[in-house]
Amino acid sequence: MICLGIEGTAHSIGVGIVEEVNHKCKVLSNVIKSYRPETGGIHPREAANHHAGIIADVIKESVEKSQVDFADVDLVSFSRGPGLGPCLRTAATAARALSLSLDKPIMGVNHCVAHLEIGSGTLDGCRDPVLLYTSGANTQVIAFAEGRYRVFGETLDIGIGNCLDKFGRTVGLDFPCGPKIEELAKKGDGYLELPYSIKGMDIAFSGLLTAAEQYYKNDEKLEDICYSIQETTFAALTEVTERAMAHMEKDEVLLGGGVASNKRLQDMVKIMAYERGASFYVPSKDLCIDNGAMIAWLGVLMYNSGIRMKVENSFIDQRFRTDMVDVTWRG
Amino acid sequence: MGNKKIIYKGAEAEIYVSDYMGFDVIEKRRIPKSYRIKHIDNRLISMRTKEESKLITEARLYGVSVPIIYDVDLDDAVITMEYLKGKRVKDILNDLSEKERQDLCRKIGESIAKFHNNDIIHGDITTSNMILLDDRVHFIDFGLGEKNGEIEAKGVDLHVLMEAIESTHSKYSNCFEYVLEGYKNALKDDANLVIKKIQDIVKRGRYR
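Residue numbers (this note's numbering), protein chains in the order written: chain A, 1 to 331; chain B, 1 to 208.
Because the hints were derived from the structure by calculation, they are not lab data. Take the hints with a grain of salt, since some may be wrong.
Unchecked claim - Going by beta-carbon spacing under 8 Å, a handful of chain A positions derived as facing chain B:
no. : residue
1   : GLU20
2   : TYR191
3   : TYR196
4   : GLY200
5   : GLU231
Claimed, not checked - Not everything, but these chain A residues come out facing chain B in the computed CB check (under 7 Å):
no. : residue
6   : LEU173
7   : LEU192
8   : SER197
9   : LYS199
10  : ARG264
Note that CB positions come from ideal geometry on N, CA and C, so glycine has one too.
Please take these sequences and the hints and turn them into a complete structure.
Here it is in structure tokens:
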């Protein structure tokens with residue numbers, strides 16, 4: 001089965017085409033274009049206008065790269081949520097148009113679950129992981145239990161990427177700030193005390209953000225602040241992930257989301273996994289960030305398990321939580 | 001100290017069975033984590049070892065069932081405490097009858113109220129951290145706890161349990177209602193303020 005997936009939850013519009021081969025996911029193409037605001041953060045409407053302006057070309061480019069014809073596509077899937085309403089609607093509209101014009105079925109999928117499934121789908125040995133999903137808006141520790149992907153821990157306030165971006169904006173870095181903070185952190189070595197806030201398996205960043213901004217106002221070295229932010233937040237993320245693994249007695253850990261491409265976060269989780277005898281998995285960067293291939297792959301899994309969706313019911317859902325999805329495709 | 005046998009390896013500590021002046025005891029040993037820098041590692045380990053032993057000792061004074069603390073070694077981050085040979089609530093909750101589950105959950109709520117009445121915040125109230133022994137629910141693992149009288153802190157404390165029940169005992173999510181019944185009965189202040197706070201915390205989360 002070949003599926004074309006359209007991702008559009010936030011600042012990226014992505015179209016990916018995947019093929020199911022022996023229950024594994026073969027990515028044929030995965031084109032991602034991101035909206036970059038000139039100043040400040042993402043305005044939902046402007047991001048959606050950006051997506052609407054280029055979506056047709058992104059679909060064409062993805063089909064060309066995949067070397068399949070439109071006629072070979074068996075299924076069209078799209079990100080139903082969670083995300084920014086205007087962006088979700090743009091992706092869904094494109095998916096509906098494509099589904100109707102190709103006369104192929106449509107499938108709306110959960111964006112967070114797609115981040116998990118693309119790991120299991122593309123990485124050998126990754127079967128039943130605990131996912132640490134870290135992006136701009138989302139920070140969740142997810143694992144399969146009792147028929148659903150349950151959220152064992154999550155942020156109580158803002159996502160980790162959001163925390164990094166907000167700090168970055170305060171100190172004059174461009175969006176997305178994560179990679180710049182990662183570079184600056186490499187040059188820092190003086191640790192500045194920051195709040196370390198975990199509650200059970202949940203986590204909070206807003207106190208740390210305020211404290212970090214205060215250090216900047218007090219003229220502490222930016223490199224040291226960046227180093228301290230990374231060391232503190234990533235240690236807390238790694239700890240809650242390990243707590244979930246111990247709690248669920250699972251021995252695989254998977255990273256997903258844009259912040260997962262941070263090398264220091266990868267290293268920390270890798271060391272944690274090694275020390276508890278668990279396996280560590282991280283997809284390639286273009287499958288970690290928001291992308292269409294993961295949307296396509298989850299569409300395949302859902303369709304093959306018997307789920308069907310009609311175009312007239314293909315609503316978006318801005319607050320589509322991870323644990324609302326009945327996971328019918330897993331035993 | 002006699003022979004030690006590891007019986008559990010948690011996320012942050014190893015649990016050994018040992019003996020202490022003739023008693024069967026648990027040694028909870030917090031292990032250094034090499035994924036985090038030394039500064040953070042030392043701070044967390046020493047803070048949690050200290051806080052946990054203090055809070056367990058204090059909770060006992062207020063009638064909460066907790067293990068007896070025999071010894072605290074801050075250098076090696078080891079707490080020696082009573083070995084509770086009971087069952088984890090996590091492992092039995094799903095197998096009880098509805099009536100038994102209701103009774104047990106009410107008891108849990110009453111115990112939480114007892115320590116909340118005295119501004120003790122547990123920090124990680126999950127069914128893994130409750131041991132049923134001689135018909136009493138014992139609370140363990142106060143490592144993420146603190147002394148805090150704010151309604152916010154009490155709300156967050158109960159919110160952790162709510163999520164644990166939703167994720168680990170999803171078929172019996174009414175359990176949390178029973179917990180709140182017991183909590184209301186035993187809390188000295190107006191429990192509705194705390195319950196209102198839990199709803200606020202849920203709404204603050206992403207996509208609620």
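For each hint, the structure was consulted:
1. GLU20: Violated, because the Cβ-Cβ distance from GLU20/A to chain B comes to roughly 29 Å (cut-off 8 Å).
2. TYR191: 5 Å, holds
3. TYR196: Since the shortest Cβ distance to chain B is 7 Å, the answer is holds.
4. GLY200: 3 Å, holds
5. GLU231: 5 Å, holds
6. LEU173: Violated: closest Cβ of chain B sits about 23 Å from LEU173/A, beyond 7 Å.
7. LEU192: 10 Å, violated
8. SER197: 10 Å, violated
9. LYS199: At 5 Å from the nearest chain B Cβ, LYS199/A passes the 7 Å test, so the hint holds.
10. ARG264: 10 Å, violated
Figure legend: structure checked against the earlier numbered hints; hints not met, in rising order: 1, 6, 7, 8, 10.
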